[in-house]
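Position chains B, C and D relative to chain A; hints supplied.
4 protein chains.
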Amino acid sequence: MSFFWRARFDEDALDEALEYTAGGDIKIDEKLVLYDIIGTQAHNIMLFRIGLLKKDEIKSILKVLEDLKKEFREGKIQLRKEFEDVHLNIESLVTERAGRELGGKIHLARSRNDQVTLDIRMYMRDAIITLTEELINFSKTLLKLAEENYETLMPGYTHMQQAQPITLSHWCLSYVDALIRDLERLSQLYTRLNKNPLGAGALAGFTWSVNRNLTADLLGFEGVQENTLDVVSSRGEFEAELISILCILMIQASRIAEDIILWSTSEFNFIQLSDKYTTGSSIMPQKKNPDVAELIRGRAGRIIGELCSIMSVLKGLPTGYNRDFQETKRILFESVDTAIFSINILYKMLSTVKINREKMLKSVEDGYSTAVDISDLLVKKGLPFRTAYQVTGRLVNKLLKQGRKLKDLKANELSELVYSETSVKTDLTEKELQAVLNPLENIKRKNHLGGPAPSENIRMKNDRENKIREFEALTSEIKNFLKEKYDKLLEEVDRIICSP
Amino acid sequence: MSFFWRARFDEDALDEALEYTAGGDIKIDEKLVLYDIIGTQAHNIMLFRIGLLKKDEIKSILKVLEDLKKEFREGKIQLRKEFEDVHLNIESLVTERAGRELGGKIHLARSRNDQVTLDIRMYMRDAIITLTEELINFSKTLLKLAEENYETLMPGYTHMQQAQPITLSHWCLSYVDALIRDLERLSQLYTRLNKNPLGAGALAGFTWSVNRNLTADLLGFEGVQENTLDVVSSRGEFEAELISILCILMIQASRIAEDIILWSTSEFNFIQLSDKYTTGSSIMPQKKNPDVAELIRGRAGRIIGELCSIMSVLKGLPTGYNRDFQETKRILFESVDTAIFSINILYKMLSTVKINREKMLKSVEDGYSTAVDISDLLVKKGLPFRTAYQVTGRLVNKLLKQGRKLKDLKANELSELVYSETSVKTDLTEKELQAVLNPLENIKRKNHLGGPAPSENIRMKNDRENKIREFEALTSEIKNFLKEKYDKLLEEVDRIICSP
Amino acid sequence: MSFFWRARFDEDALDEALEYTAGGDIKIDEKLVLYDIIGTQAHNIMLFRIGLLKKDEIKSILKVLEDLKKEFREGKIQLRKEFEDVHLNIESLVTERAGRELGGKIHLARSRNDQVTLDIRMYMRDAIITLTEELINFSKTLLKLAEENYETLMPGYTHMQQAQPITLSHWCLSYVDALIRDLERLSQLYTRLNKNPLGAGALAGFTWSVNRNLTADLLGFEGVQENTLDVVSSRGEFEAELISILCILMIQASRIAEDIILWSTSEFNFIQLSDKYTTGSSIMPQKKNPDVAELIRGRAGRIIGELCSIMSVLKGLPTGYNRDFQETKRILFESVDTAIFSINILYKMLSTVKINREKMLKSVEDGYSTAVDISDLLVKKGLPFRTAYQVTGRLVNKLLKQGRKLKDLKANELSELVYSETSVKTDLTEKELQAVLNPLENIKRKNHLGGPAPSENIRMKNDRENKIREFEALTSEIKNFLKEKYDKLLEEVDRIICSP
Amino acid sequence: MSFFWRARFDEDALDEALEYTAGGDIKIDEKLVLYDIIGTQAHNIMLFRIGLLKKDEIKSILKVLEDLKKEFREGKIQLRKEFEDVHLNIESLVTERAGRELGGKIHLARSRNDQVTLDIRMYMRDAIITLTEELINFSKTLLKLAEENYETLMPGYTHMQQAQPITLSHWCLSYVDALIRDLERLSQLYTRLNKNPLGAGALAGFTWSVNRNLTADLLGFEGVQENTLDVVSSRGEFEAELISILCILMIQASRIAEDIILWSTSEFNFIQLSDKYTTGSSIMPQKKNPDVAELIRGRAGRIIGELCSIMSVLKGLPTGYNRDFQETKRILFESVDTAIFSINILYKMLSTVKINREKMLKSVEDGYSTAVDISDLLVKKGLPFRTAYQVTGRLVNKLLKQGRKLKDLKANELSELVYSETSVKTDLTEKELQAVLNPLENIKRKNHLGGPAPSENIRMKNDRENKIREFEALTSEIKNFLKEKYDKLLEEVDRIICSP
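Residue numbers (our numbering), protein chains in the order written: chain A, 145 to 644; chain B, 145 to 644; chain C, 145 to 644; chain D, 145 to 644.
For the record, the hints were derived by calculation from the structure and aren't laboratory data.
There could be a bad hint or two in this list.
Since copy identity is lost for identical chains, a pair holds within one copy or between any two.
[Unchecked claim] No farther apart than 27 Å at their CA atoms in a straight line, the calculated lysine-lysine pairs in the BS3-like style are these:
#, residue 1, residue 2
1, LYS549, LYS569
2, LYS506, LYS225
3, LYS198, LYS524
4, LYS432, LYS524
5, LYS503, LYS432
6, LYS542, LYS503
7, LYS284, LYS339
8, LYS545, LYS503
9, LYS551, LYS575
10, LYS632, LYS207
11, LYS545, LYS569
12, LYS171, LYS432
13, LYS503, LYS549
14, LYS199, LYS632
15, LYS220, LYS575
16, LYS213, LYS225
17, LYS506, LYS623
18, LYS198, LYS632
19, LYS198, LYS623
20, LYS632, LYS214
21, LYS432, LYS554
22, LYS542, LYS525
23, LYS207, LYS524
24, LYS629, LYS213
25, LYS171, LYS569
26, LYS214, LYS551
Only chain A is shown next, with the shape it has when bound in the complex (with noise of 0.2 Å):
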């Protein structure tokens, strides 16, 4: 019924196209004030130390900044579309209460090109400590899990059919594996993109002498990205690698939820998710649906659509700034927000989920996961590995057709097998089969670099701890870094407006 559209379109043509240029951009741009504040501040202090801002200048300057600071802290104040975005909604305030001349000189030796870099640059810095963060935090869960299911069996899957024994332990230690580089990734993003863009301008730099390296060292950026057309250009860049890392990352999230999903089922019935991260149906009662899992493994769907929105973005623009690039901020935002709520929700769950060990092991009991290492046990008797692994392939279908289970087998019937089918005979005792048919004492024999056993997986978690500590310091030594840099510059902001 298409009376119900809302009309947008009978605006004039000139609210119109600020509409559409700056209607919604103007609401994403609440996450980067306080950070083109802050940016500002900096900048003017670097124009006030090389000359181009008088004292009194200066003071004003900040006074005001300081201000709308704790304004927009409290809530006040509102971006108005109509200056269009951040940069000139901070610019007409600093106007508004500082006068029209010195509002005009804070916008000295800048551009919006270097100064939306910048607060994104800022903006990024952040999402990737509080990244980190969860995925320390994730981590941790996960670690824990470990630590507290050594020794419970499950089985392994390939094609989704049974495959092999592992334990719950060594799952969690495998995605532990995996986040640790999801940290490294993120580590070195990190200090490819903490280089200061301010001073680049439009795309050429100035003829005023600004001093990127004092800019660089009041807002903590190690260096200074030089060439001015660079920083320009590579806008997106650093969104789009970003974003790949949390595509990557939200992969590896949305298979951790498929598999809650079917550890959940009532068919596989591993797992038993806490009633606060499952919903009911509205008509069928009996039902606790794993949403969360549901929409962590959707949202993974969405990232990849903002990844190929950022790519399909970039591409193929021409050198310089391009107004396109307006639209990776929203892309960014959204895959920030969207991974971080992810992971801390998925970790969160995790750490919450009953397990129900005796199905688990049931599950591994039944089926026929120990059958390779009956194979393997042939070839240590003595056959050729192919060999032992059509003999086992006809033991398994002879089973299966008598509705036995491997862990049924006796030494004499698979010794009497072999010899029937290869004229080998081999020296097989019962402990000798037993000690593989036993899932547990099977698995504690897989006590090489990696490998599943017990043993093996206490080692891992021990070391893995140490490397999350690891990460752990180095986030808290870059937050001290950030906090003591903002004190510093707080204390000048301070010292200047005080100054007589």
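Below, chains B, C and D without anything else, positioned relative to chain A:
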């Protein structure tokens, strides 16, 4: 500075899960409120007709729903996250006002699975109608521009190199034909999706004798989407199809935008955009930046990502309902809003463009874009095609080296060149050559079916105008049909409410 | 070990550029050879009719082209990279055999831009016909399976949790309805793209009086794509539309594949795949891996990427021809081949599946999937819906704790529970309860339009069988039409060749 | 004409399934043959060392593998579809030559899951090395071009509008900085993925005491990817990361390509491409089409799709091995081949470009791109920034209307305008103004860190040259290391074969 990051995760776990599953979604559901209320009215009238509701019950229910509709339109109703979605919000409001007993009954013989599908189906119908109207407006703008420029010569480009003369009219009409295909796609999709999903329940229908034809009729659907499992499982399919069409449409728009951006450069200088649709630079006062066109191009990139998102979300889901479907709503709404607004502003921008006809003509005359026609002329004079082609190539090279234009060429010079290269004597007259070299004369002779000749463009313009009128009539018809159906529903609601 | 990397870059620069532009492409062009030859025949007959070729010229040309067709079919012709593409390869072969003069003439009043579009258009027609035939076969397989399983009960899933009983027949028919929509999409696209592009030239048509209706008729097109610039600029648009449809289709296939994979697990154990469509493990002899289904799922992922590719390639290109278009060929052919093969193998695999009806039934009986119907029963007995829903919820919880199934429930027990919870006395009989708890009885009563009742599925099966027959007839008709047109073209070719 | 469609589906079902699962894949596996043989050698030496192979066994095995390596390099070995993949092909060849017993044994303590991961890991190492070398070559080409063009003025563009003067050198160096980031990304990925996966087995390791450090050492890995489940489940993750990097790289390349296309138009006319890298038109002899650049741009679009493919394939797969992984091989190889070839041809094309310095300079002089510097000059003379900006805006408008250029401006005229607009008297000298209006003088003053001044570009060029040399040294080191390891492996093979 990570201390600026908004702490979202200090709520208790239950709230977090609710926030994760419903937090963003509930805002999105605003778009569905009216559809949900109207759908609920139709559903309850059906329940009344098949005897599941008593007279006084249906009276109360319809009364409350009418009130809610009014209050929502007046902005008095806000959806609340704690009721998860639009459906439970409406139900809770009915419960609040009509009591627990009735509030419960409105959901009888219905599930949220068929209900949300109904709401989205109604939304998509409206979206298609609005898109259709905007495409019609777009076409009319292009037809008008075509009408004004039958003889406005300009270079046609291949490989972004000037290739052959065309007219601006031919350019306009080429996009009208593309839009007519889009209109056809939308129209076919409308018919395909205009089927009633209500009555499918969670996926298996009901033991109640629901009358699905009745709700179809009340809500203006042409028939029922029958198989109940198909109704639930096909969630996202029509959405994906619509977004595919929008993607094709936005790519067409992005190519027009690219032309506008190119033509607005000082290098091309074919057009001048109205100030309304350009912005200046913060530090480069001479700039007239085609921001709107750039953003249309950028948003085409975003819609490609949305298409990729919805496909990735749906891929590999097991049959039935999966919560991942929820993500398709956001993707759909984003894509529809973006496409409608982009098209709307594009045709408005186009209608205010100032055309530099002299510059266009000069480009045609100074270039070598009639070379192919010289080649054809030589063929008419008896040279084999590839030979004529090679001779013309050498001619152009020679002129280029001499810094001369094709228009400076004389018949005898050409004849001599041909003779020296091929020993063929041609009886070329000056008049024949000038008919080729004069671009307007040249183009007038390209009057075969679909050719760029003004006469042919006049024919096509009139023909397409009729086609657009047919789409316009069809759209009116559909809107009237829906309006009549809705008026009848309102009458029925009134009759029941006012009945004794 | 980088010394293994094949050095491809030691050729001279010219060869490299040729390799980069034509190297991979020329292999792809194999698919277009016959279309190119036939298109060239039609084009040259047209040239002859409008007087641009003489009798002896057209005779020689058609003769050589007939020879080439034969030799190509016999595998005697290989396309050569140094002639760049299929078009120049054919032209060079004609030149070689009929002489430079005639070789040149066959390209008269034609450009590679309209020629390649023609070839691809003819390819897409065939692709759609083949896809249509495969979808018809797929539907028939599903209809047959539906017919055999009207009463084969199985759980229907929402959130991968058992929700309500359905039948395998209902599952099959839900996908038949999806396929019918795909068939409709393909059929509409066929009509849309079945227009003759030939005569558009490079983008601006010709000063020759080309007869585009004639070539349209000779080649079986229903009309002409008129505007010459639109013909060239719309390259990729129909391809993108086809791939969108294939993407939707492959997503449906991926969901069937996902069900097959799930149902084949030892946990579900609903079906057993034929050995033909599974593989074993290299070291785990007991495995029966559903590789084909997994690859269908994986290839759906690949087609999503192909869709994203073609859209990204086209976005933001200026109007006219751009060489980027070349990439669309590879994307198109890959997608079409993948989709056709995937559908073909999927229905063959489905037709050999062994269904474990007992296990399916046991899942229904042991689960709680009739709970919603108990709730409905209580409503019929007078409880408000939400109350009935809550009481049933408590009932299920109670049974779950007691380790009992719903089928163990007795009428008086239920009545007592209802009374204790709501103080409502219900006159529930044992017979009424059992009609709900017996899943077959239960489902038989869901016989409203589209419901899962066997009676309704029989009706739908017959109806869809007719619909499929209609598509079959339509496809035959189209094939016959094309065949007749081609036969007529051959006759014409013969007549000309043999004329004095 | 559907009768042309090649019937692929008349084989028997078994062959079809094989064709579907292995048909295309086996061709792709060619790239892995040598890696597979070498990996098998290392694995078997390890088996020998831990006592699972006897002296005479390892001798025969290594001998046959050496033969196969040689024969494969000579093109004598073709992979056969009926053996499914490269692994079983090699095994079958060993079986054929060394007998069933030994043929079986080479697969002992190994699964195809860890084997294929090993092969791909070795392939990716080589791919990264080759990519690194090509990026180094690309950088050198840009550095050389930069060195030759420190004072080659050209307009810098924002919104595709002339913005401010830059130099071609600055443009070149901006991309060198981008490539240095790409080199860093590749180098970090190399380190991350250079871990031995062998020994993970199907997913759960072995009861054999496999020595994973030994195979790591033999094959040049720096350590082991430990957790066996992680090894198998992370399939595709490193591939996705590499393709992300390639995607960013190809986007950079596409933007250079876009500039080349634009600069080659007759409208811009900044450069002339070498004939080697352009093509003519089949009917427009004057054209010099930048096909190579267009295809680079198009192929960037294709790689975006490949990235989307691999992410979509991986999303939501359950933990462990899934056959869907197979699709990642094709995606990886395609992307790597495309990127390497595109980069290679791009820098070769760039190195032959002819630069029209006069046209570039004229564009700068005729435009208004020094306007921002006039604005800055006025600020230096005491006007507030926004005021200076507005005055300059009005100045440019006035000149535009008068058809004058900025370079025609005189100091007194400017002073008067300023006075009339602002009542401010400025002591502007002619010399000061001309220093701004002369673009070279202008740009020489933009000599702050990263600015476009020649002096700064000389500094950056020297600095980046050193950085590139460091990457070059690092790459040599890695190649030598791998070569030494391989030589040592060959020695070991020799020693064993020749031992008594």
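Here's how the hints hold up against the structure:
In this assembly of identical chains, the alpha carbons of LYS549 and LYS569 lie at most 27 Å apart only when taken from the same copy (24 Å versus 51 Å across copies). Taking the closest pair of Cα atoms, LYS506 and LYS225 never come within 27 Å of each other, the shortest separation being 63 Å inside a single copy and 39 Å across copies. Taking the shortest Cα distances, LYS198 and LYS524 sit within 27 Å of each other only across copies (13 Å), while inside one copy they are farther apart (86 Å). Taking the shortest Cα distances, LYS432 and LYS524 sit within 27 Å of each other only across copies (26 Å), while inside one copy they are farther apart (48 Å).
Both within a single protomer and between protomers do LYS503 and LYS432 lie at most 27 Å apart by alpha-carbon distance, with minima of 18 Å and 22 Å respectively. Proximity of LYS542 and LYS503 under a CA criterion of 27 Å is satisfied in both settings, with 25 Å inside one chain copy and 21 Å between copies. Taking identical chains as interchangeable, the C-alpha atoms of LYS284 and LYS339 lie at most 27 Å apart only when they sit on different chains, with a minimum of 24 Å there against 31 Å within one chain. In this assembly of identical chains, the alpha carbons of LYS545 and LYS503 lie at most 27 Å apart whether taken from the same copy (24 Å) or from different copies (17 Å).
For the identical chains of this complex, LYS551 and LYS575 are intra-copy neighbours only, at 13 Å inside a copy versus 45 Å across copies, given an alpha-carbon limit of 27 Å. When the C-alpha separation of LYS632 and LYS207 is checked against a cutoff of 27 Å, the pair qualifies only within one copy, where the shortest distance is 16 Å, while the shortest distance between copies is 64 Å. For a Cα distance limit of 27 Å, the shortest separation of LYS545 from LYS569 inside one copy, 25 Å, qualifies, whereas the shortest one across copies, 53 Å, does not. Taking identical chains as interchangeable, the C-alpha atoms of LYS171 and LYS432 lie at most 27 Å apart only when they sit on different chains, with a minimum of 25 Å there against 37 Å within one chain.
Proximity of LYS503 and LYS549 under a CA criterion of 27 Å is satisfied in both settings, with 16 Å inside one chain copy and 19 Å between copies. Proximity of LYS199 to LYS632 under the C-alpha cut-off of 27 Å is restricted to the intra-copy arrangement: shortest distance 19 Å within a copy versus 70 Å between copies. In this homomeric assembly, LYS220 and LYS575 never come within 27 Å of each other (Cα to Cα): the closest approach is 77 Å inside a single copy and 50 Å across copies. For a Cα distance limit of 27 Å, the shortest separation of LYS213 from LYS225 inside one copy, 19 Å, qualifies, whereas the shortest one across copies, 30 Å, does not.
Taking CA atoms no more than 27 Å apart as the test, LYS506 paired with LYS623 passes in neither setting, with 48 Å inside one copy and 51 Å between copies. Taking identical chains as interchangeable, the C-alpha atoms of LYS198 and LYS632 lie at most 27 Å apart only when both belong to the same chain, with a minimum of 21 Å there against 70 Å between chains. With identical chains, the CA atoms of LYS198 and LYS623 are never at most 27 Å apart, being 33 Å at best within one copy and 58 Å at best between copies. In this homomeric assembly, LYS632 and LYS214 come within 27 Å of each other (Cα to Cα) only inside a single copy, at 18 Å, whereas the closest approach across copies is 56 Å.
Taking the shortest Cα distances, LYS432 and LYS554 sit within 27 Å of each other only across copies (24 Å), while inside one copy they are farther apart (42 Å). In this assembly of identical chains, the alpha carbons of LYS542 and LYS525 lie at most 27 Å apart only when taken from the same copy (21 Å versus 54 Å across copies). In this assembly of identical chains, LYS207 and LYS524 lie within 27 Å of each other by CA distance solely across copies; the values are 24 Å between and 81 Å within a copy. Taking the shortest alpha-carbon separations for LYS629 and LYS213, only the intra-copy value of 17 Å comes in at or below 27 Å, while the best inter-copy value is 55 Å.
In the homo-oligomer, the alpha carbons of LYS171 and LYS569 never lie at most 27 Å apart, since the shortest distance is 79 Å inside one protomer and 43 Å across protomers. Within a single copy, LYS214 and LYS551 get their C-alpha atoms no closer than 71 Å, and across copies no closer than 47 Å, so neither meets the 27 Å cut-off.
In summary, the numbered hints that this structure violates are 2, 15, 17, 19, 25 and 26.
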